[in-house]
Each structure stands twice: as structure tokens, then as C-alpha cells.
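Taken in order, these protein sequences are the chains called D and R. So in the working numbering the end of the first sequence lands on 508, straight run, no missing numbers. So in the working numbering the end of the second sequence lands on 347, straight run, no missing numbers.
Simulated from the structure, these hints should not be mistaken for lab results. Note that beta-carbon positions come from the ideal geometry of N, C-alpha and C, so glycine has one too. Mixed in with the good hints, there may be bad ones.
[Claimed, not checked] Quick list of in silico lysine-lysine cross-link-like pairs, PhoX-like style, CA-CA up to 20 Å:
(1) 286(D) with 252(D)
(2) 209(R) with 424(D)
(3) 253(D) with 270(D)
(4) 330(D) with 209(R)
(5) 232(R) with 329(D)
(6) 424(D) with 382(D)
(7) 286(D) with 259(D)
(8) 319(R) with 330(D)
(9) 382(D) with 209(R)
[As the list claims (entries may be wrong)] Every beta carbon over 10 Å from chain D, so not counted as near; a handful from chain R, in silico:
(10) 23
(11) 117
(12) 163
(13) 203
(14) 207
(15) 215
(16) 227
(17) 229
(18) 236
(19) 269
[To be verified] Some, not all, of what chain D presents toward chain R, calculated at C-beta under 10 Å:
(20) 283
(21) 310
(22) 314
(23) 325
(24) 326
(25) 336
(26) 338
(27) 343
(28) 347
(29) 351
(30) 366
(31) 371
(32) 378
(33) 402
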Amino acid sequence: MEERTPVLEMRDIVKVYSDGTRALNGVTIKVYKGEIFGLLGENGAGKTTLMKILFGMLKPTAGKIFFQGSEVHFKSPADAIARGIGMVHQHFTLVEVFTALENIILGKEGHGLFSKIDVKNAKKKLQTLMDELNFQVPLDVPVENLPVGIQQRIEILKMLYRNVDVLILDEPTAVLTPIEVKELFDVLRKLKAQGKTIIFISHKLNEVMEITDRVTVIRKGKVIGTVNTSDATPQLLARMMVGRDVVLRIQKKPHKPGKTVFRVEDLWVKGDRGEDAVRGLSFEVKAGEIFGIAGVEGNGQSELIEAIAGLRDVEKGRVYLMGKDITGKKPRELYDMGIAHIPEDRTHMGLILEMSVMENAILGMYWRREFSNGWRLIDWGKVEGHAKELIDEFEIVAPGTRRPVKSLSGGNQQKLIVAREVSKRPEFIIAAQPTRGVDVASTEYIRNYLVKLRDEDKAVLLVSADLDEVLQLSDRMAIMYEGQFMGVVKPDEVTEEQIGLMMGGVSQ
Amino acid sequence: MNLSQSLRGYLKPFTESVLAILIGVLVGAIVLWASGYDAIAAYKALVVGSVSSLTNFAQTLSQSTPLILTALTFAVGSRTGLFNIGAEGTVYFGAIAAVGISQAIPNPLSGIIAGILVGALWALPAALLKVYRGVHEVISTIMLNWIAFYLAVWLALSVFVSPSNANRTVAIPPSARLPLLMRNTTLSWGFVVAVLTAIVVYVIMWHTKLGYEMRANGYNPRAAEYGGINPKAAAIWSFVIGGMTAGLAGAVQVMGVPPSYAISQGLANVYGYGFDGIGVSLVGRDHPIGIIFSGILFGALGAGATKMQQAGVPLEMVKVIEGIIIVAVAIPGLLDLINRMFRRGRV
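Next up, chain R with everything else stripped away, as it sits in the complex:
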């Protein structure tokens, strides 16, 4: 294996992402300043809140956990020719599944397995619609997200509602929770699970026959079929694997985050991760390893946001900065421009 050659292959997307992040930070500062806030103080608060101490950094990693997992859903789709935005709805069901199973079999493993299995199952409608009826996955997953939302709200409020508190579901029993990695933080073994999952997804995509089949089919279904690949099976698998990581995200989020260990009203503590994961995946260049890092970056923005709010800048400004970073990554023309500037500098 030619190490320098493959390193060079990673260097370009890495540099591009870092540049996009810098642009996001810079433009974000201008927006902050233009809106009448002290940009420097705001960024200082962001950094302090996310990495200044071990406790704060633990908070960052905790926030990154579900994002890494939902980003993997999008990345698997994207690398196999799908625009799978169904992670959002799948997360709800993963969480519900973990709450449900933990009442019967109270140990962490059962919750994780239940989240993964339910995630895989919920991926099937979109997968089968795509493969057998030609329904585009953007349409089906958006609609399925809404079905999932209301179904999950109903399940949370009727089937699994807490007898003592009507605003949340029953809690995961202590023996089924993911142990914390650090006291007085919300960082649990869930983060380790997320990182391991990213590595497993990487291995599946680039080192297994299934990954080869899925990628080949994503680029060119006709050539894949010629190459002895079953295009239907390959497409279904990429939905299913994506569903598994999203379901896992939901499970880990309720099993690992104190204090409630339950789903709150309106699914508030499991809501939005599926969509945020798309941005994380884009910044991580749809690569599992890149996603670990971009997940941590977004986690840091989330963790620092609280501190920033204390400095008088509204929470929403963090979303603005996140948005600018994603746009910066997503504009290929801009990146080409930067590239050309670089090249001119080198020659």
C-alpha cells in the first residue's frame, strides 16, 4: 500500500474542509459584528465553553455523539448514490425502541441492538419504494420523517408515558443505561459507540465486498449489474446500514444522556439530529473518519453555545455559523477558486 499516495488523497478534502470552517468563522464574525454583538467575546465564550476544560470538552464529545451517528446515515447514502435524509425519523424510533426494550430486558446491549434493528426496519419502506417502485428517496424519506414524528409522539405519550410525569416517557432503568465516562458531565460510553460505529462503517464501505457492491452500484447501476452485483440488494443494503446508525443514534441519546434517560415531550431531546447530521457529513466529506472530526466540531459549537449565550449572544447565532460553514463546504465553485489560488501560489 502506497502510504503517501493515499495520504495525498485525504489531504485535499481535509484542507478544503478546514478552509470552509475558517470561512464560516470569519463570515460568522462579520454577521455577529453587523448584528451589534461583540464577535471576539462571543468566540471566546464558544471556545471556553467547548474546550477550555476537561469537563467542557466532555460536553463537546457528548453533544457530538448523536451527530456522528446520523451523519453516517447520510454519508453511506451519499457514497452509494442515494440522498438519504431519513435519519431524522429513524432517530425517534431508535429512541422509542431503546425505551421499550429496556423495560423488559434492562441492560445496555439490548437497548443498542433494539435501536439498530428498529432503525434497519424503518429504512425498509423507503428502500423498497425506491428499488421496486422507483420512488425517489428524497420524497419518500421526507414524508416518512413526518409519519415517524407523529407515530413516535403518540407512542411516547400513550404507550410509554411515565406514570409519574406526563411530560416524558418512562425512564431507562439504571442497569440499562450507558455508563458515564466522566462524572458530572453527560459524556457516556455512547461516544465510544459512535466512534466505533464510524470505524465499522468505514471498514464496510471500503474493505468488504458489500461495500464494493454498494459503491459500484451508486456510481453506475448498469455496470454494477454487468459486474455480477445485484443492484436491488446493493441499494437496499445502503438504506438499511444507514437506518441502523440512525436508529443507534436515537438509542444512544436516551440511554446515555443524564439526567432524564427518557424521551421528553415533543421528542425535544431526540429532535433535529437527523438533519444536523447532513451538515456534519458534508463537512466531514461523507467519510466516516472525517465525520468523527466534523461531529466533534459541531459538538463543540453546541457545547460552546450555552457559554456564548451567557456572554449575551443568542443561541441561534451558533446555528448561523454552522450554516455558513456548511454553505462554504457545499460551494464547489468557491473551493475550486481557492484551489486555483493555491496552485498559482505553488507553481
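Looking at chain D on its own, in the form it has when it is part of the complex:
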């Protein structure tokens, strides 16, 4: 294999950011034509930086890039696309009010100010592309009305429409449901059959195992190794990625649940469009128990969490915490009564990215006496001490307590949220998507911590789109479908088939 000439080679790439951070330390990768090449690493390992360099978004500090036999220096993404390299980012770059068609031809058709755009021809070309790949996208609907999975396809089409030979996908499955992931993989296989080269960036072992031909693992800005996927095992890749064997199964001792801490009675909640998102749910969470809610995203889980966390109106029904009616109470009251909430969207809700690490460390508890001085002003010394405690206890990698929290990697941001919520000393913890987009080591840490809270007799409500997570952690679990529970089961007494049926709306 090594005798072939690679279609793309990045040689000894070094990237030092202006603040002195060494993101890449001499990384070399080779990608061959027509393969699906995996780039595996934890959050913060340098995967995205490397690809941004390839795509012309960042300038390497040192190193060379060879593409189709000659050295290239891309000054911008437009440069890279013109040479045949396209990228689909983790966060989409679509104009929300434009239709799919408008988004795809944006910047490609009709250059001069008054030149006419040949919509008909563009549509025909796109239709051919879609037929070849056997996937369809509604071309005339504004993008904001389309599900995430479709939006991603639009991004892919956008690149294919520009005739790229190499397609970079940055964590493409992070936002997708399991079914959408399967569909994406089908598309990728077809593209490969057409001779396209695909670079698949991920930190999910199973996906890399399933879809890639070869995989290069990077860790802390260095290449750890490259293997043929057929020779690899998830355990091997995990070891390469984190430098030790990751316990992929959580150790959980049996634990006897105590009295009921949290209870919901016939809860109805409306969604943003006025639809009934939660339809008459009743359940309870006991002390020393993790109650999991699984299900395909968008079945009312978000609305349920927001309603019980005081962020959305309850239409009907009651919510109780330790026997007290807390329906309609505001977040501040709820926190003071012993609720903590790890929100599903850490960048838009759990943290204020522009504010410092220590300012974020007191979000939702800044009013507490322990952070005030004698003048009732915020005592930043105490706040900083608190932030440092969180950082130490949860082994958070942070450049400093006064730096903006956005300078932390995703996994460390999430750990900070978990640390902060736990430091509220709650009786009841809502953990929504607690490990989404988080690296393997942090995921393991957070999951073990939730189990520890349970062992300390706290009540934990876990809501996650990651079925494995719910299965591993929960003592009891419910599967949510269109605002209702299809069944409440014990994870070790249920088969995958039964869960699959319930996720598809078949009540058990």
C-alpha cells in the first residue's frame, strides 16, 4: 500500500497559536485516492486545527502540504475548493432563510452584480448529483425549516456541486440521530465508490471502525500511529487515542434506592411552535437512583427538561421535589431548593462563553453568601478559590481562571459545568446530554461521577440521545416517543430489539 503515491500529504505540520499554544507538533498524514481516511483523536487533540490548515483557514507555522503531486499553499477555503478540497464543518455554514438551492449555488453562480443566475441548469445538475448518490434534499424549502440531518446533506451537496475530489467531514455524526448516521454512512460509501476521497474526523470509536479504511490517531498534536481499520480493534484505537485502556463499561455496584425525591404528575408542555411536546408524563426519581430517558431526539425531551428546570411554562400537571410543589418556580428558587441542572446545550445555555472561567463557575449560585464579602459585594477572591477547587477536583485543563471560558476545549467546558452543578450540593440532578461532543476520557469521568452521585443517595435524571449511555448508567429507564413514554424498563431486563421498537413508537 505504501508504494502508492498519496493524493494528499501533509508533512511535518506545526501550528503554534499567537498565545503560544502548540496545537500541532509535527504532524504528517497521507491520504490515498478513493479511501475513507479516519482522523481520530480526543477533543483538543488537534484534529480540527489540522483540517483547518488543509482547508486554507489557518496558516501552518511550519510544514508542507502536497496535493495531487505538487506543493500547495491555500490562502483561503475558496482556494482549497478551487483545487478540489471541500470541508463540511461541525457547525454548519448555511444561510438559514435561504433555500437549499440558494445555499448551494451561493457564491458559485452569477458573479457580476447583475449577472443572471441560471437556476434551471443548477437544479438539473443538482438533481443528477442527488440521483447518483440516491439521496434527496428538498431544494426549495428554507434551510431553517429542515432537520439537521438534511442540512448536513446540503453542506455535502454544496461541496460536491463545486466538484471537490477530497471531502473533509469534521465530527459529522455529532448532531445526527442513529438513523441519520446510518444514512450518512451510505452516502459516504457511494461517494467512495465514485472515487472521491473522504477524510472523516471523529472521536467515536465505533463509527471509525465501521466506516473508515485507514485511520491515523493523533494525541496532543502528535501522530500516535496509523493503522488499517481491518487490523484494528476498538480497544486498540482507544488505547492509542487516550494513551491507556479506557474502561468502556462503567463499573456500577448495585444500590438500593431510597424515598422518592422527584415526582412529575400528568405533565403537559408545549413546544416552540405551540404543539404538545410533552403529553401527560408521570414518573418519579428516587434517592440513590439514576432514572434514564432515552429516545430519538426531538420527541419532547428538551421541552420536558426545560419545564422541570423552570425555563418553560407548564401547561398542565404538577412537579414535586421532596414532596413540595415546585411547578412554575423560577430557576433561582429551584437551585436554592436543591436542584442542579446540566443543560443539553453547553455553549448556549450552560456557559457564557465570553465570560471568564471563574465567572462561569458561579453561574446559578452567584447570589450565595459564600461568594460575598462583608459589603455584600462579590468576593472575587472566594470565587477564584471556588473555581480552582472545581478545576482541581475535576482535573479540568484550563489556561487560567480569568481567561474566557471559550478558551477551554469542549470536554473541559462540560466538566466545568458538571463540577459547578455538583458543587451546588443538590438532592436532584438533571443531566441532559451530559457527554455530548465530549472526549472519551471526560465522558468516562462524567459518567462515573453520575454513578458516584447515585451511590451518595442523590436522585439523578439522565436524558440522553446516546442509548449506550442510558443503558449503562440507568437503574430504570424510559423510552420517550412523541411526548410520551413507550415503556419504563430495567436496562438489564430489556433486549435491544425491544428498545428499538419503543424508540420507533411501539409501546411495550
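Since the structure of chain D is already known, use the hints to place chain R on it.
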């Protein structure tokens, strides 16, 4: 508290502002020269008029007083996610309030309190429109400024008009005036009030729970609500605090500036400070302490302008230089460029 770390945080905006000022002075010189004036003589006059003597410097500080206070209005808004340009109209009402109350209770404190309270009240329409009806504050404050202008002109000319001089309002009685800090100048205790207010605003913004709430809400209302903050209350407070400093600016301006101690025709002696304050705030990087310094700089430009006029350069040229400084601060691309040049020099 890590002193060097926080110092470094201040150093960057400070250097950037100083660079912008230098660029303003330089480009201003080119404009002067191109318009056929003697740039060197003009700048000499500016410096002489603003800092050459204690009296002149007092004049500088006096001119900076209302600017510091109106800049605080904009800064509070800007730090809490608002583009509040309502200071202009609020200043008029602050002045009217001080004139009015001093007729009934003639002492300085009552005037100051009245200015602050009326400023807070006049902030409410824009605040409530924003919070409950989603009206953008730029639209509402611009329109409210005009309402304030004509309302204030009417109040000045009908309700509070001086019986002896139809061109101005009744004067603030001597016992209600802010005492002068220096004889034969216009520098009064108003300047001290402005500096103290800047410090109070700094403490509110960065050392109180309210400040934390307002800033958090400005960055991300959704996260603020999650964090136990009432987003509506936080937004209303940032309008109200801004209104208070602008109202105070108006009050201090009539209570502290001799000889008239009254509002002149067409609100001439309280007009324009609200808008000038935006520039002062930008150059002071929307930071209360930075605003004290940039306020003094703009005060110096104002005080020196008179001298410059005597040197044969029209008053308006000072506004041109001010404008260039503000543009220089406001162009982030330019500053990034300067930054990169600096970095290349260092590495």
C-alpha cells in the same frame, strides 16, 4: 488576585486607544495642513489652551465633566448588550429637574438627586419597550431624544423661563450651586461627582451581583436565565443606571457651570453631550476608568479649541480631529493590523 494578569488585561485596550489618539492627531495634522492651516501652530494652541496652566487645565476638567457622565450611559449599555444612545435626551431632563427642584429646595444635594431620579424615570420608556415589546433600543432612544428635546424646550421657555430674561430659564439659586474648585474657572465639584460616579459604576458592573447579572444577560440572555437571573430585570436595570448618569450629567452641567447657572435658549449649554459621550466611551473602551481619561482628553480638545480659534483655525477642526480619533478606535481591522505589526516586532 493576580495583579500582573489583570494589568495585562488592561494594557492592550490602553495601548490601542493611545495609538488611535496618535493616529487621530497625525491624520488631523494632515487635514489641517491640506486645508491650508498651520498644523503646528494649531496643535500648539490646543495644548496651550488645555494644559499649559492650572487655570487652563481646570477648564479642561470642567469640560470633561458632562462627557464622563454621558459616556458612562453608553458604556453601561454597551457592556450589557445594549446600544443605548438615549443619553442626549436624558441630559435635558436632568438639567430641567435640577432647575426645578432648586427653586423649591435650594441645596446641591437635592439637585443631584432630582437629576438622577428623573434620568432613571426617562430611561423607563425605552427599557419597557425593549423588554416587553421587543422594540430595539436604537430606534426607541433616537425617537425619545427628539421627544425629550421639544418637551424640554417647552418646559424651559414656558414653565421655568426667567422672569427677567426670556432667553433662559430661572437660575439655580446660589445656595443650590455646586461650589467651584478653583476661582475664575468653571471647574466645580461637578468634576469630582463625575469621577466618583465613574468609580461607583465600575464597582456596580464588576463587583456587585447586579453587575454580574447585567453583564451575563448582555452576553447571553438564555444562559443568564438558566443561571437564575431575571433577564427582564437585568435589562431594565442597565437602562436605568445609564439614565441615572445621563440625568446627573444634565444636573451637574447647570448646577456647576458659571456664570449663568441656567439653561440657555435652545438648550444650548446642555446640548450635544449625550452624543459626544458615545465617542468618549468608545475611546475609553467602554470602561468607567478608561472613560475618566478619555473624558479628560475630549475636555482638553474642547478647552483648547477656543485658543486654537484665536490662532486662526476654526472651532470645527477640533471636531474633525475628535472624529478621526473615534474612527481610529472603532476600526477593529486597523487595530488588528497594528497588533500584528507589534507581534512581529516582538517575536
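For each hint, the structure was consulted:
1. The suggested pairing of residue 286(D) with residue 252(D) holds, with an alpha-carbon distance near 17 Å, which does not exceed 20 Å.
2. Using a Cα cut-off of 20 Å, the hinted pair residue 209(R) and residue 424(D) holds, with the two alpha carbons roughly 18 Å apart.
3. For the given pair, residue 253(D) sits about 38 Å from residue 270(D) by alpha-carbon distance, which is inconsistent with the 20 Å threshold.
4. Restraint check for residue 330(D) and residue 209(R): the C-alpha separation of about 18 Å stays at or below 20 Å, so the hint holds.
5. Annotation: proposed proximity of residue 232(R) to residue 329(D) holds, straight-line Cα distance about 16 Å (limit 20 Å).
6. In summary, the hint linking residue 424(D) to residue 382(D) is supported, as the alpha carbons are separated by about 15 Å, within the 20 Å threshold.
7. For a cut-off of 20 Å, the pair hint linking residue 286(D) to residue 259(D) stands: about 5 Å separates their Cα positions.
8. For the hint linking residue 319(R) to residue 330(D), the alpha-carbon distance of about 50 Å lies beyond 20 Å, and the restraint is violated.
9. Taking the CA atoms of residue 382(D) and residue 209(R), the gap is near 14 Å; set against the 20 Å cutoff, the hint holds.
10. Every CB of chain D is more than 10 Å from the CB of residue 23(R) (nearest about 23 Å), matching its label as outside the interface.
11. For residue 117(R), the requirement that its beta carbon stay farther than 10 Å from each beta carbon of chain D is met, with the minimum near 23 Å.
12. Remark: the non-interface label on residue 163(R) is consistent with the geometry, its nearest Cβ contact in chain D lying 49 Å away (cut-off 10 Å).
13. The Cβ of residue 203(R) sits about 7 Å from the closest Cβ of chain D, inside the 10 Å cut-off, so the non-interface label is violated.
14. Listed as outside the interface, residue 207(R) is inconsistent with that label: its C-beta sits roughly 5 Å from the nearest C-beta of chain D, within the 10 Å cut-off.
15. Non-interface status of residue 215(R) relative to chain D is broken: a Cβ of that chain comes within 10 Å, the nearest being about 7 Å off.
16. Residue 227(R), annotated as away from the interface, has a beta carbon of chain D within 10 Å; the closest lies near 4 Å.
17. Annotated as non-interface, residue 229(R) brings its C-beta within 10 Å of a C-beta of chain D; the closest such distance is 8 Å.
18. At roughly 16 Å from the closest C-beta of chain D, the C-beta of residue 236(R) stays outside 10 Å, upholding its exclusion from the interface.
19. No Cβ of chain D comes within 10 Å of the Cβ of residue 269(R); the nearest lies about 37 Å off, and the non-interface call holds.
20. Hint status for residue 283(D): violated, given a least beta-carbon distance of 23 Å to chain R, over 10 Å.
21. Checking residue 310(D) against chain R by beta carbon gives a least distance of about 9 Å; that is within 10 Å, so the hint holds.
22. Checking residue 314(D) against chain R: minimum C-beta separation of about 16 Å lies over 10 Å; hint violated.
23. Checking residue 325(D) against chain R: minimum C-beta separation of about 20 Å lies over 10 Å; hint violated.
24. Here the hint on residue 326(D) is broken, as its CB sits about 14 Å from the closest CB of chain R, past 10 Å.
25. Of the supplied interface hints, the one on residue 336(D) holds, with its beta-carbon coming within about 9 Å of a beta-carbon of chain R, less than 10 Å.
26. For residue 338(D), the interface hint is violated, the least distance from its beta-carbon to any beta-carbon of chain R being 14 Å, above 10 Å.
27. Contact between residue 343(D) and chain R, as hinted, is supported at the beta carbon level, the nearest pair being about 6 Å apart and thus within 10 Å.
28. Look at residue 347(D): its Cβ gets to within about 9 Å of chain R, closer than 10 Å, so that hint holds up.
29. Residue-level restraint check for residue 351(D) holds (minimum Cβ-Cβ distance to chain R is 7 Å; threshold 10 Å).
30. Interface hint status for residue 366(D): upheld, as the beta-carbon distance to the closest one in chain R is roughly 6 Å, under 10 Å.
31. Hint status for residue 371(D) relative to chain R: holds, with the closest Cβ pair at about 9 Å, below 10 Å.
32. The criterion of a C-beta within 10 Å of any C-beta in chain R is met by residue 378(D), whose closest approach is roughly 6 Å, and the hint holds.
33. Proximity of residue 402(D) to chain R holds as hinted, the smallest CB-CB distance being about 6 Å (cut-off 10 Å).
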